[in-house]
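Chains A, B, C and D, in that order, are what the protein sequence lines are.
Using our numbering, read the first sequence as starting at 1 and increasing by one per residue.
Using our numbering, read the second sequence as starting at 1 and increasing by one per residue.
Using our numbering, read the third sequence as starting at 1 and increasing by one per residue.
Using our numbering, read the fourth sequence as starting at 1 and increasing by one per residue.
By construction, these hints were calculated from the structure, which means they are not laboratory data.
We put the beta carbon where it would ideally sit given N, CA and C, even for glycine.
Possibly wrong hints are sitting among the right ones.
[Stated by the list, open to error] One side of the interface only, derived from the structure: several residues of chain D facing chain C at Cβ under 8 Å:
#, residue
1, Leu24
2, Asn183
3, Thr184
4, Val186
5, Ile191
6, His194
7, His217
8, Tyr224
9, Thr230
10, Val258
11, Leu260
12, Ala297
[Said to hold, decoys possible] Here are a few chain D residues that sit away from chain C, every Cβ distance over 12 Å (derived from the structure):
#, residue
13, Gly12
14, Ser44
15, Val165
16, Leu270
Chain by chain, the residues run as shown.
Number of protein chains: 4
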Amino acid sequence: MNTIRVGVNGYGVIGKRVADAVLLQSDMDLVGVADIATDWRIKSAANRLPVFASTIEAQQAMRGADVPAQGVLDDLLAQCDVVVDTTPKDVAAGNLERYRALGVKAVLQGGESHSTTGHSFVAQANYASAIGRDSTRVVSCNTTSIVRILGALDAAGLLLRARGVLIRRATDPWESHLGGIMNTMVPEPTIPSHQGPDAQTVLPGLDVVTIAAKGAHTQTHSHYWTLQLTREATRDEVLDALRAAPRIAFIRMSDGLVALNSTVELMRDLGRPRGDMWEVAVWEDLVTVNGSEAYLAYQVYNEAIVVPETIDAIRALTGTVPDAATSIRLTDESLGMRQDFLTPAEEPDHDR
Amino acid sequence: MNTIRVGVNGYGVIGKRVADAVLLQSDMDLVGVADIATDWRIKSAANRLPVFASTIEAQQAMRGADVPAQGVLDDLLAQCDVVVDTTPKDVAAGNLERYRALGVKAVLQGGESHSTTGHSFVAQANYASAIGRDSTRVVSCNTTSIVRILGALDAAGLLLRARGVLIRRATDPWESHLGGIMNTMVPEPTIPSHQGPDAQTVLPGLDVVTIAAKGAHTQTHSHYWTLQLTREATRDEVLDALRAAPRIAFIRMSDGLVALNSTVELMRDLGRPRGDMWEVAVWEDLVTVNGSEAYLAYQVYNEAIVVPETIDAIRALTGTVPDAATSIRLTDESLGMRQDFLTPAEEPDHDR
Amino acid sequence: MNTIRVGVNGYGVIGKRVADAVLLQSDMDLVGVADIATDWRIKSAANRLPVFASTIEAQQAMRGADVPAQGVLDDLLAQCDVVVDTTPKDVAAGNLERYRALGVKAVLQGGESHSTTGHSFVAQANYASAIGRDSTRVVSCNTTSIVRILGALDAAGLLLRARGVLIRRATDPWESHLGGIMNTMVPEPTIPSHQGPDAQTVLPGLDVVTIAAKGAHTQTHSHYWTLQLTREATRDEVLDALRAAPRIAFIRMSDGLVALNSTVELMRDLGRPRGDMWEVAVWEDLVTVNGSEAYLAYQVYNEAIVVPETIDAIRALTGTVPDAATSIRLTDESLGMRQDFLTPAEEPDHDR
Amino acid sequence: MNTIRVGVNGYGVIGKRVADAVLLQSDMDLVGVADIATDWRIKSAANRLPVFASTIEAQQAMRGADVPAQGVLDDLLAQCDVVVDTTPKDVAAGNLERYRALGVKAVLQGGESHSTTGHSFVAQANYASAIGRDSTRVVSCNTTSIVRILGALDAAGLLLRARGVLIRRATDPWESHLGGIMNTMVPEPTIPSHQGPDAQTVLPGLDVVTIAAKGAHTQTHSHYWTLQLTREATRDEVLDALRAAPRIAFIRMSDGLVALNSTVELMRDLGRPRGDMWEVAVWEDLVTVNGSEAYLAYQVYNEAIVVPETIDAIRALTGTVPDAATSIRLTDESLGMRQDFLTPAEEPDHDR
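Given the sequences, and given the hints that come with them, work out the whole structure.
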């Protein structure tokens, strides 16, 4: 099998992580990354990756800033089977026709609308329907986590209705000097917030309503859910349903993982690149079931959670790996995904 | 009618506000305040209020710090009909027998447990049942807001079930150098959190479950609710039910009041003492009703919201004002309580 | 003597405080305030002050938002002797010709450059030179504090050279949801920062260099100084020099005033409008003198410190009060300015 | 040459980084780490390192928590040539006699006082004097940075007098839920702060005074200096002096590295373990020289900066590497230390 040649347009929070994850896949080659920045972000990248300018103007600016660009976006695209577009909101929508014209398949990100590609992607939920398409949209970090969690309960036949409150981090750490919030919270200006309908682009049958607000921190989102179950269930049934799904890990208050920063520090201790957590981290000891009602709280590392989905989406579009389970396994083994951060990591079983 | 002689034991966040509110009541006299602090907090108070030492040791320390104490707690109590105890959690429980032995009625605060006094108080809900008692407990800021809001909907026959997520401020501004949280959130270690059962100490019939977490800010709590109504209702019915209850004010995103700090600044602009907001501030334009389900978000100024309840509790214990409506009106007029902060303040109608 | 008719153009952080301070002056009338906002800020103002629209467009928008504007800026100016322009940076410069054409004297704020008016103002330093001018600029909060402190030491013949590090609050509380910094510090992009030269527009002889950075808080600036004295001096000499100057107050770590928020809370306890502190708060027990070198730290309440200077500037331009000392006394008594926040406030001596 | 057998007592912020750095040294073996924690911190460590209990009680507790401890501290010490003690402040002082009794050399950390070991260590300044000693103290993060920077200028004959303002991060990220500061700054209660004298324990001749305060962020300290030079010098002379010293790297505002968080993000992009920065990061374009006065600002990654010094201190005590330059080179190559983060990393020259 030939490797999939992948380009990344947009070398920001998501783009740089996707590029690094592509480098870890034995069935993919990273052709390069494109951006318009000329500062430390791209200078640092240029020391280890092929860098392209997303625009002619950016090419000019890169020359002026001594960034060794290897060409412009078209030069990158000419060598790619798939491009992952992680440019800012709404920019990718404008790029899509260009990708199509060049016959390059495209993975867009959650800032774009569902209608742009007509397909929204979370690997465990709808990998199959993306196979062979020319494009798909990996949904946002919040939506990805919702689909993973609610999808897991739905797959187990347990979920009737979900009502969630999402407290988002205000801004990403790298840009926290540019514009954040200070000593306040900022509720979304409408209820319901958009994440519920967004999750329905992947799982149309979900009965889900979300309320969202920004909190005064830069690290990870956290979600708090009240779930109406289809029937009275035990706590173990709920936990088993979550365990049966990929990319969900349990953390525990009783282990001292009592706050968002604790989990972030644990990721650093685990030696993860950039301290990333690709899993949704569910507080196991907060999972509470009372009759047919369940309560859940989990943490979403917004900078990284969509990276494995993006890798799977690349495979799905090309059709080189026909089933979700295999792609998820390949991705997860390459990253070192875990179901529990404190038990010894399992040795990958290369026979299975 | 004789004025009620009131002492305040504990001159902290709540105690100092209660003292100031007592000074505004025409039917009350502030005998003095007692504390163990000897620093700026009590030095500043001593320039304008009679200060007592809560303990013998504190009296000694006050002498050493040139704080002109007028005696110890017993000297204060000897002159009081009612004492408001705002000492730290669990201290008041130990003080209660002393108050009883001296025949001084006592208002405790929400840090104490319900069983300490056997009565938990929110004026609009159960003023009558406090009349003539020797003590009551004004419930905490979060619980007070829950009883006001859910109680209003319950009184209108609209509330079936309430599920709320409470994001608490991490610490009060005055002590934010001593121990807060930084760049994180800290969920309560159990679900449900204690506020639901606490609200049931005032309104036993409520079907309410809360999930709580601390946010990385110092100003005000915010609550996000999903409400199951008893029937399909219109948005106006929900708003009318809230408007019919006291101490609830509407704010609007459309007026630019889009975040916790906006409302805090408005209170400063209104010239309120310490910038206090005694009302629960409901975002009117976030009130959403969908069939028999309603969604709400509101803001709780935790430093001040229990002050009017405490004033009413003083009256209820003494029995000098026999009905809740009259006491609430007296308190609210003295403070300048409002239903809407941006319409011109109503002139008090002294004939009604 | 006729009262001075004052208008305020720009009802923001400074403008609203200036308006309130004008209302307290027995020799001034507030004609009204003008702004372009149509949200809660101006709606709240309109309930208690005459509001004008700064522009025709704003007048239109105010009508649409039910803000009862009494006219446009020209209508306001037609009734004014002096206008205080607190519009955002560089806007006032464009307004100045208009004020001049209408014969209205103008007080600009520190966001403007010195050259716009040709005169920069701090009451204690150069009140006399502003008398009769058509305009002056009250320097910024940081610069005002520098002139007060260094000017006091200079006036006592003690100051040779001053090197300061200024840690600025990142944003004002009211706008902390719009754009602040989070979990970081942001140094000014050049050393020296502009505040040193800015202080020299008022006190040309100062040998002063400043380094500045933004800190991750919203409340007050703090300055840390190393001062080369003209000779070996005692700590008392330095303290006496500071005490001899107006609008400097001492706070003490030993009183528990150990952090920026402590002082802010004290202002709230003192019942000050919006919790304002107009004084520079010098930590008395941090004043350290070692031979001919002194070290100082103080706190600058940036939202309020220029208010008294602005009031004095109004008087100076009109020439109605010929000397600085009298104007400063009138202003300070009206506001309740203090030299020490914890000693009993002095009764104003109306005979002096 | 035999490898040095190293144990680490205290697996906290510093201890865990020292353990990882020891693993990278070809002339050292990590025997194990000891701690009293039983939560996620030690559970995660136990999956990849030999873990010991620092006390008998801790051994008991580890058993109860299923942490597979390999023995107690004495068992660890029995196998060690050198122990690095990173236990909390003042604990190590009590441990030292025990280490001495067992003939294990000890590296203590900056929380301890100089007198405990009688020797304070910064590799570039006084490696030689530590050779053969039974113990030394690696000075604190702030002091290490001061010695590196001022020492570099002193070594070049340029430094007469240094006056610095140190803004410390309030707490480390991992414990930011336990007790930080919020929306304030907290000045040290004395001027000068202790860092100046502490630097003099390593470089006795320095004329240095520091003022310190805590800022409301969790990431890295920043220092702002006014330096009196021994003579008029050029900016290039100052830069050259800094370049000639080890473990100082230049960052530039012009590269977009404009705030503390920018540099932290760059470290994550560089793939460093835990995003660590062992270098002092000096803002090159903020280095300003005016006659015989220079101004500097730099950033100190407090969690990591003392790690290379600790590694060198291990070598110095054992005497296995007789000169500072060789030890520094070994350490720096193993970690990937850099002088500039944006130029391509130099290939280690194994011939030199």
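To see whether the hints hold, each was checked on the structure:
1. Leu24: Nearest chain C Cβ about 29 Å off; hint violated.
2. Asn183: holds (5 Å)
3. Thr184: Hint on Thr184/D: holds, closest Cβ of chain C at ~4 Å, below 8 Å.
4. Val186: Status holds, d = 4 Å.
5. Ile191: holds (4 Å)
6. His194: violated (14 Å)
7. His217: Constraint on His217/D satisfied, holds at 5 Å.
8. Tyr224: holds (5 Å)
9. Thr230: violated (17 Å)
10. Val258: holds (6 Å)
11. Leu260: holds (4 Å)
12. Ala297: holds (5 Å)
13. Gly12: holds (21 Å)
14. Ser44: Given a closest Cβ separation of 24 Å, the condition holds.
15. Val165: At roughly 4 Å from the nearest Cβ of chain C, Val165/D sits no farther out than 12 Å, so the non-interface label is violated.
16. Leu270: It holds; Leu270/D is separated from chain C by about 18 Å at its closest Cβ, greater than 12 Å.
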